[in-house]
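Protein chains: 2
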Amino acid sequence: MIAKVFYAGLLALLAAAPAVAEPLSIEKQGSFFIGGHDVKSDTLSTLPAYAPSGTITVGQMYVRYQIPAGASHTPVTLIHGCCLTGKTWETTPDGRMGWDEYFVRQGFSTYVIDQVARGRSATDPSTFNSVKLGKTPPDQIPPIFSAGHEAAWAIFRFGPEYPQVFEGMQFPLETQGEFWKQMVSDWNATFPTPNPTVPALSELAIKLKGTILISHSASGIYPFQTAALSAQDIAGIVSIEPGGCPAADGDLKPYIQIPILVLWGDYVDLAPRWAPRLKQCRAFAEAMKKAGGKTELVVLPEIGVKGNSHMLMQDRNSLEIAAWLVGWLNKNVEAKKN
Amino acid sequence: MIAKVFYAGLLALLAAAPAVAEPLSIEKQGSFFIGGHDVKSDTLSTLPAYAPSGTITVGQMYVRYQIPAGASHTPVTLIHGCCLTGKTWETTPDGRMGWDEYFVRQGFSTYVIDQVARGRSATDPSTFNSVKLGKTPPDQIPPIFSAGHEAAWAIFRFGPEYPQVFEGMQFPLETQGEFWKQMVSDWNATFPTPNPTVPALSELAIKLKGTILISHSASGIYPFQTAALSAQDIAGIVSIEPGGCPAADGDLKPYIQIPILVLWGDYVDLAPRWAPRLKQCRAFAEAMKKAGGKTELVVLPEIGVKGNSHMLMQDRNSLEIAAWLVGWLNKNVEAKKN
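Chains A and B, in that order, give the protein sequences.
Residue numbers are given in the working numbering: position 115 of the first sequence equals residue 116, and the series is strictly consecutive.
Residue numbers are given in the working numbering: position 113 of the second sequence equals residue 114, and the series is strictly consecutive.
Keep in mind that a hint or two might mislead.
Given that identical chains are not distinguished, each listed pair holds provided it fits within a single copy or across any two copies.
As the list claims (entries may be wrong) - No more than 20 angstroms apart at the CA atoms, straight line, and that leaves these computed lysine to any residue pairs for SDA-like:
#1 K29 to A336
#2 K41 to G178
#3 K208 to E179
#4 K41 to E151
#5 K208 to D95
It is worth saying that the hints were derived from the structure and are not from the lab.
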């Protein structure tokens, strides 16, 4: 109850003074890739103008970053979920500021990635062309998929099923058309576990000499898998509505020293896809507590914040949630630094 | 000769005072999509976790923009070429400032796109899945291709053939690995002419109430095709090393009122792929001159700037070329405004 009042009060306070309007002062911005390896193929192309044989580079992760003038916080890395790209964190479907800019305005250097084989991170067309040429059986085509609006509706928890809407919904559904444009084909089922984005995140964390990994949905588990590779440069983990948390009865040692927040929106218990995942994450958070870890699980309606979908970084109250999150990070990550 | 001295002098002057180091002051930044349409499919997925049937949105063009504080110029739109994304214009392979930031620093609102079906602009996986399921013959797979390093070497004119290097080459080949990571699969052969990026550019130009379209290579023709749709909001065209110019004996009316620069790097006459294209563009520029148009064709070595590859926006002297280009725009676009 005390926690609830504290959070709700903090939220109201921060929401009352959003940082907007003033020009953004950027010390440095740019983009780069992490990882990648060369692949030789004889089916890069079926077109006469482009050679079929040659070497391409795949497996790299695109990163776009902005360092604010007078950066004052540990850098954050924003990791999108299933069927989406780094666009997740940019301008919302109804045209409001995204978290990518909000965090920069709060003094955080901000790194937005496109997962491996997504967005500006390359894919390999060799198998398609090999099948096209009759060299490879059709069933060998990689299992790439797109999520249709109708099925995605329930997954993103806009309502119980398409096109019903949960009462009090904060997602700006009047501009849902702009959201559907964000969705892209997903190659992740073509990869082993951990996804190649995970070692790339680890390499990024080392390069940055410390970062807070903020993941979402299908990428929710990535920060934990990254910490299992090397916890040293993971300054914090914020896993938003993860597809899964580490097993409560598994090896918790990699996570013990890391401030961790597992964050959930509203209507979770009404969603058959999500309710068991929340339950599984609660078990993880409980096990972490017993093991002496610094893991907190927050379900927004339990602290008085209602109506949030799975895409809470784009909901109408997205910047209020971001402001609350900055408060959480200041208390749990920044205050713990040497 | 006078023109040559003028340009070389201007180039030296501008190169001597590059605008770097100071924090970048951004009035507004963000991203959005232009265009897009819904497609229904029964083969969106072959995975049990994601429904095969549903509606997806494809055909949209991703746009990321930055408006500098005190924007003083006509907005520029940066359009990447074959097998690449908007990354083309960002940080160079050797880590220097990209044109996307340079133009912002010079007072231009800057719009960087990912062509339709590239980067953050979605693709449709339906045909792959339909072939995988045996519902569609393999030869119906769309002709997607990637350019291998070896073939791309000559196309990007790093040298006559892989791995030979032209003498005086300005491309930072010591970091070529970072450049290969920028390359992605290209879907453009799956589209009719004009490419769907063209009407999206037209819609963007109208939305911006005027923009200078800066295109490259395979997209070199797009600004002309966009002007043919509606010339009204095309404030200028800079076509860098286009795959082709409009036909000299075609309808030139759409281009007559637009300040146009067709810009070429070095070694063009040594490249069998490019020499005929330069020749064809010279014929176009000559026809435009006769028709009373404002078209200029510049081959950099002819104005004393040597060693530029096809990727001149990433060459070592990329910012000097950008500075020269700003001078050209100030003289030919800005000075002509009401």
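Status of each hint after checking the structure:
1. K29 to A336: Neither. Shortest intra-copy (26 angstroms) and inter-copy (31 angstroms) distances fail the 20 angstroms Cα cut-off.
2. K41 to G178: between (39 angstroms within a copy, 15 angstroms between copies)
3. K208 to E179: So K208 and E179 pass the 20 angstroms test across copies only (16 angstroms; inside, 34 angstroms).
4. K41 to E151: Cα proximity of K41 and E151: across copies only (11 angstroms, versus 39 angstroms in one copy).
5. K208 to D95: Only across copies: K208 and D95 sit 16 angstroms apart there, 35 angstroms inside one copy, limit 20 angstroms.
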